[in-house]
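Q: Build the complex from these two chains, which are given one at a time in their own frames, with help from the hints.
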Amino acid sequence: MEELSQHLLDVAVNSLEAGATEITININENMRANTLQIEVTDNGPGITKADIARVKDPFYTTKNNKRVGLGIPLFMEAVERCGGSFDIQAQSQQGTVVTATFPHNHLDRVPLGDVAGTLITLLAANDFDFQYCHRYNDKSFYFNTRDFRVLLRDIPVKTPEIMVWLKNYLHNNIMELRRGKKVEEFRRTG
Amino acid sequence: MKSLEELDKLRDRLQQEMKIRDKDYDVAITVSMGTCGIAAGAREIVKALLEELKQQGLNNVALTQTSCVGLCQHEPLLEVTRGSEKTTYVNVDQEMAKEIVRKHLVEGTIVKDWTAPKK
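As they're listed, the protein sequences go chains A and B. The first sequence runs 1 to 190 under our numbering. The second sequence runs 191 to 309 under our numbering.
FYI, nobody ran anything at the bench for these hints, they're computed from the structure. Small disclaimer: the values here were computed from a predicted structure and weren't measured. Watch out, some of these pointers could steer you wrong.
[To be verified] Below, simulated DSSO-like cross-link-like pairs (lysine-lysine); rule was C-alpha separation at most 27 Å, straight line:
| hint | chain 1 | residue 1 | chain 2 | residue 2 |
| --- | --- | --- | --- | --- |
| 1 | B | Lys-276 | B | Lys-293 |
| 2 | A | Lys-66 | B | Lys-199 |
| 3 | B | Lys-302 | B | Lys-276 |
| 4 | B | Lys-288 | A | Lys-66 |
| 5 | B | Lys-199 | B | Lys-244 |
| 6 | A | Lys-49 | B | Lys-293 |
| 7 | B | Lys-276 | B | Lys-244 |
| 8 | A | Lys-158 | B | Lys-288 |
| 9 | B | Lys-276 | A | Lys-158 |
| 10 | B | Lys-276 | A | Lys-63 |
| 11 | B | Lys-244 | A | Lys-158 |
| 12 | A | Lys-66 | A | Lys-49 |
[Unchecked claim] Reference listing, derived: stretches of chain B covered by chain A, where coverage requires no fewer than 3 residues with Cβ under 8 Å from a Cβ of chain A:
| hint | region |
| --- | --- |
| 13 | 223 to 231 |
| 14 | 242 to 250 |
| 15 | 277 to 289 |
[Said to hold, decoys possible] Ranges between beta-carbon positions, derived for each pair:
| hint | chain 1 | residue 1 | chain 2 | residue 2 | range |
| --- | --- | --- | --- | --- | --- |
| 16 | B | Leu-194 | A | Gln-94 | 30 to 38 Å |
| 17 | B | Gln-206 | A | Arg-54 | 21 to 29 Å |
| 18 | B | Gln-246 | A | Gly-83 | 20 to 28 Å |
All residues carry an ideal CB built from backbone N, CA and C; glycine is no exception.
Chain B on its own, in the form it takes in the complex (with noise of 0.2 Å):
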């Protein structure tokens, strides 16, 4: 059982890691969540992300939502803003979310084979 004691110990670890490592990796990424990304899974997809977020320590990803694109045949669907370079990943899962932070955010290079493709 997941209690509020528990929550005290996890903040107070925070608190210590914050101060050792605070970067900020300037990236956002954005779900599409409109009606038919909800439908597709970009809640999974969400939850997917924050558990990869996690395990990577990434703390400073901004996560937002946007709603339908226009692609609704390619949800679900995200975005990965990086300063002027965005990239927008189609038709993805779970494992592909969690690749994507892997690779995308960690390593800094982007899975072309998922992205959207060119009109």
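Isolated chain A (complex conformation) (with noise of 0.2 Å):
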């Protein structure tokens, strides 16, 4: 994967193929603290214990059409090359959380590219809320599927038109958010 979007997108569809209907995307860049962490949490079925020590492996995978499994594998992978930390926990009740924290400023960091596109395209294929908090240091931008349906009243957010606006929408605000950047900050962009 080039792009750390592309994670949160395999990561993101993995739960809406186990039946999440509600996703909590956050990502949190500390430019003190080095780190730029993203966090997936749903409210799928969960996980159980023996998976998530198998899930890591390339070989398996749930799914019984497969051989391998590589979505998290290739996660990790991203994770362990530039000596970030990897987690996967159940939640007590139900729902999954998939945490990724990497060292911001690493050489072998994957940007984290178009995070707008992303969400435009898990939205655009199924039928799901999200809410989405970015936070950049002391900013952030926070967005919800919910208020947006609200907004617009009886037009369906799935109307093309609709989907490139808000595509638009989410990269301007993303992008805005993270213009605060040093020139060294910037060199490492994404």
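A: Written as structure tokens, this is what we have:
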């Protein structure tokens, strides 16, 4: 994968295929602590202790027609390449939390990439709601699909023109949020 | 800057337009979005499809995703379903995706050169 946002898409697709109807995506960038953290929480059926260990194995999959499951192993590879940390937890009631933390300025950290494209792709092809919270040092950007649906009234979210508008809206806001970078931070942009 | 006031205007315009032409196209596009599809660029395909659907004013095409279909070497891959007719397009790029919308969905002709090789 060329971008962390593609891993994000992959993890969220896993959630939706497992039956999640709500996903919370948190991205935290903290320059002082030098961290970039991606956290995906869903309300799906959760994951067993045994499976938490096994999904890290590229030759393990829960799907019957397949022999490999590369999503999580590839994500972990991107984390380990730059000395970050990776965690999957089952929530007490239901749902799963996947957390990946990266050293923000590491040369081998994959760029974050097109998060807006990822969110739009998820929304265009699925019926679900998400919350997105992106923090950059002291600033933050928040978006959730429930409020957006209210704003649209009777126009469906999936109307192509709405989706294209939303892609630009998210893209601009995320760009704006991350623009406060110093030159040396910008060089490792993404 | 895309603002929420702009969204209000867009919504009002779409409400008007949808009253005028509310055709049911009965077409579905399925994009393969397993890890293989995503790595090959499925997201860029979805974005291109949305752009072209907007351009052509096709508001009733169902866009869905499926997991790996076992043709990982042919990703990005998409399937157009019209009634009982199913067409699989392989190694799709953004330009091809737009062309498929114009040719297959608007004009109704299958782009044979880009379909899946027969087994």
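Q: Each hint needs a verdict: does it hold in this structure or not?
A: Now for the hints, and whether the structure bears them out:
1. B:Lys-276 x B:Lys-293: Holds, because 15 Å separates the two Cα atoms, which is no more than 27 Å.
2. A:Lys-66 x B:Lys-199: Answer violated: Lys-66 of chain A to Lys-199 of chain B is near 47 Å, above 27 Å.
3. B:Lys-302 x B:Lys-276: At roughly 12 Å apart (the allowed maximum being 27 Å), Lys-276 of chain B and Lys-302 of chain B satisfy the hint.
4. B:Lys-288 x A:Lys-66: Measuring from Cα to Cα gives roughly 31 Å; hence the hint is violated.
5. B:Lys-199 x B:Lys-244: 16 Å, holds
6. A:Lys-49 x B:Lys-293: Violated. Lys-49 of chain A to Lys-293 of chain B sits at ~49 Å, over the 27 Å cutoff.
7. B:Lys-276 x B:Lys-244: Given that 27 Å is the threshold and the Cα spacing comes to 23 Å, the pair holds.
8. A:Lys-158 x B:Lys-288: OK: Lys-158 of chain A and Lys-288 of chain B at ~18 Å, within 27 Å.
9. B:Lys-276 x A:Lys-158: 22 Å, holds
10. B:Lys-276 x A:Lys-63: 24 Å, holds
11. B:Lys-244 x A:Lys-158: 11 Å, holds
12. A:Lys-66 x A:Lys-49: Measuring from Cα to Cα gives roughly 22 Å; hence the hint holds.
13. 223 to 231: Coverage by chain A holds here, the residue count being 6 at a Cβ distance below 8 Å.
14. 242 to 250: The restraint on the region 242 to 250 of chain B holds, since 4 of its residues have a Cβ under 8 Å from chain A and three suffice.
15. 277 to 289: With 0 residues closer than 8 Å to chain A, the region 277 to 289 of chain B misses the three-residue bar; violated.
16. B:Leu-194 x A:Gln-94: 30 to 38 Å: 33 Å, holds
17. B:Gln-206 x A:Arg-54: 21 to 29 Å: About 54 Å separates the Cβ atoms of Gln-206 of chain B and Arg-54 of chain A, which means 21 to 29 Å is violated.
18. B:Gln-246 x A:Gly-83: 20 to 28 Å: The hinted range 20 to 28 Å is violated for Gln-246 of chain B and Gly-83 of chain A, with Cβ atoms some 47 Å apart.
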